[in-house]
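*Asks:* As a plain string of letters, each chain reads:
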Amino acid sequence: MVNYFFQGLFFFLQEAGPEPSSGIKNAMLEGLKHPDLSKFLVVGALLFIIGVAGVLTRRNIIVIFMSIELILNAANLNFIAMSRYLQHTGNVNALAGQIFTVFVIVVAAAEAAIGLGIVIALYRNKETIWVDEIDLLKW
Amino acid sequence: MPLSSYESLFFWIFGIAAILAGLLTVMARNAVHSALFLISSLVSVAALFVLSGAEFIAGVQILVYVGGVMVLFLFVIMLVNVGAEEEGREEIFNNQRQVTASLVFCFLLVLGVLYAVNKGSSTLVRQNLSPEAVSEQQAVRNATLNRSATGTSTITKDTEQVGSLLYRYGSLPFEIASVLLLVAIIGSVMLARTLRQEAAVDDVDPEVLNDEALRDPELIRLESASRE
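If you're matching them up, the sequences are chains A and B in order.
Numbering follows the numbering used here, in which position 106 of the first sequence is assigned residue number 107; successive positions increment by one, without gaps.
Numbering follows the numbering used here, in which position 128 of the second sequence is assigned residue number 132; successive positions increment by one, without gaps.
Just so you know, these hints were derived from the structure itself, not from any lab.
We put the beta carbon where it would ideally sit given N, CA and C, even for glycine.
Incorrect hints may have been included.
As the list claims (entries may be wrong) - Beyond 12 Å from chain A on every Cβ pair, some chain B residues (computed):
hint, residue
1, Met-31
2, Arg-33
3, Asn-34
4, Val-49
5, Met-74
6, Asn-85
7, Glu-94
8, Glu-95
9, Leu-107
10, Gln-142
11, Ala-196
12, Thr-198
13, Ala-204
14, Asn-214
15, Leu-218
Claimed, not checked - Incomplete in silico selection of chain A near chain B, CB under 10 Å:
hint, residue
16, Ile-25
17, Phe-104
18, Ile-130
19, Leu-137
20, Lys-139
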């Protein structure tokens, strides 16, 4: 497990494309100078995890909604990065990722509208926006 | 495929800005600050979209997310703001045990994701192109694009391609998405009504109405007015 972690950390700084020509340090520098698909995926993954942490730890229901937006946005970033990768490999359906992103944005907008409507209704009835005080269904 | 020169510089700037702004979104004490940090995170991600050649999606991201959704968020924050949060009287995070558990979970998620990216990228198609060859390819592709009015830059075909693909392959999901948005509009209007507004269209359970009428006698009048 620990091995995987260090492998992953090492990978983050390392070029994933062509084989490193000479040494780890060179490969890292090459990866910094020419970020490729894997760097986009790592940025997306970090944004996703930050969003998950926000959903799990915050008490303010509005900030939880914002964290969900962050998660959806990380997914969008992955779609776009993959779409770019496929464009360069000459895939015919390469732009499908961008189409998906449009729909993700639509669903996010609908979700935000409904969710914030619920928040307002809840605040009107219970006078609170702390999720640990909204425990009507808990026994 | 790999970015080069100024593109890679901008990639690191906007990638790190997106992650930092995301972290601050989760950690800010004031919900308004959270919203503003989220806006900067979204704009940074839009810049990453531009770097990936998805100019249309970047525009949609800024217009819909930053211009629409985040304004909605700010309105709701203003409507329900309690003030106790930023004065430090209320704890912004859950209790210690839950935070520890979720951070452990997130750490496991980090390990899993890094492992997956590490494993998966070895199966991706290797492109043995040097960055110079890639930028040469890019220059060849740019030469086929239309020149802009000033002649200093070229006009991308991205929007055109996405639009035609959307109507050729995605027209049914597109229509479904429009119905979804309609449902969302009606649903949020229904959810956000006050009791008086509900009574005025005779939409309240009679038992609830009788209870609430003790506090607000106006309700009975509104409800009987709606019956006539």
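*Asks:* Determine for every hint whether it applies to the structure shown.
*Replies:* The hints, checked one at a time:
For B/Met-31, the condition that its CB be more than 12 Å from all CB atoms of chain A is violated, with the nearest at approximately 9 Å. The beta carbon of B/Arg-33 sits about 10 Å from the closest Cβ of chain A, which is not more than 12 Å, so the claim that it is off the interface is violated. Residue placement check: B/Asn-34 does not keep its beta carbon more than 12 Å from all beta carbons of chain A (closest about 10 Å). A Cβ of chain A approaches the Cβ of B/Val-49 within 12 Å, the least distance being about 5 Å, so the stated non-interface status is violated.
The beta carbon of B/Met-74 is not kept farther than 12 Å from every beta carbon of chain A, the shortest such distance being approximately 8 Å. Annotated as non-interface, B/Asn-85 brings its C-beta within 12 Å of a C-beta of chain A; the closest such distance is 9 Å. A cut-off of 12 Å between C-beta atoms contradicts the statement that B/Glu-94 is not in contact with chain A; the least separation is 7 Å. Not every beta carbon of chain A lies more than 12 Å from that of B/Glu-95, the smallest distance being close to 7 Å; the non-interface claim is violated.
The claim that B/Leu-107 is not at the interface with chain A is violated, since a C-beta of that chain comes within 12 Å of its own (minimum 7 Å). B/Gln-142, annotated as away from the interface, has a beta carbon of chain A within 12 Å; the closest lies near 10 Å. For B/Ala-196, the non-interface assignment is contradicted: its Cβ lies about 5 Å from the closest Cβ of chain A, within the 12 Å cut-off. With a minimum CB-CB distance of about 7 Å to chain A, B/Thr-198 fails to clear the 12 Å threshold, and the non-interface call is violated.
Non-interface status of B/Ala-204 relative to chain A is upheld: no Cβ of that chain comes within 12 Å, the nearest being about 16 Å off. Separation of B/Asn-214 from chain A is adequate, the least Cβ-Cβ distance of about 17 Å exceeding the 12 Å criterion. Annotated as non-interface, B/Leu-218 keeps its C-beta farther than 12 Å from every C-beta of chain A; the closest such distance is 17 Å. Residue-level restraint check for A/Ile-25 is violated (minimum Cβ-Cβ distance to chain B is 15 Å; threshold 10 Å).
Look at A/Phe-104: its Cβ gets to within about 6 Å of chain B, closer than 10 Å, so that hint holds up. For A/Ile-130, the suggested interface contact is upheld, since its CB lies about 5 Å from the closest CB of chain B, less than 10 Å. For A/Leu-137, the interface hint is violated, the least distance from its beta-carbon to any beta-carbon of chain B being 15 Å, above 10 Å. Hint status for A/Lys-139 relative to chain B: violated, with the closest Cβ pair at about 14 Å, above 10 Å.
Checked against the numbered hints given earlier, this structure breaks hints 1, 2, 3, 4, 5, 6, 7, 8, 9, 10, 11, 12, 16, 19, 20; the rest are met.
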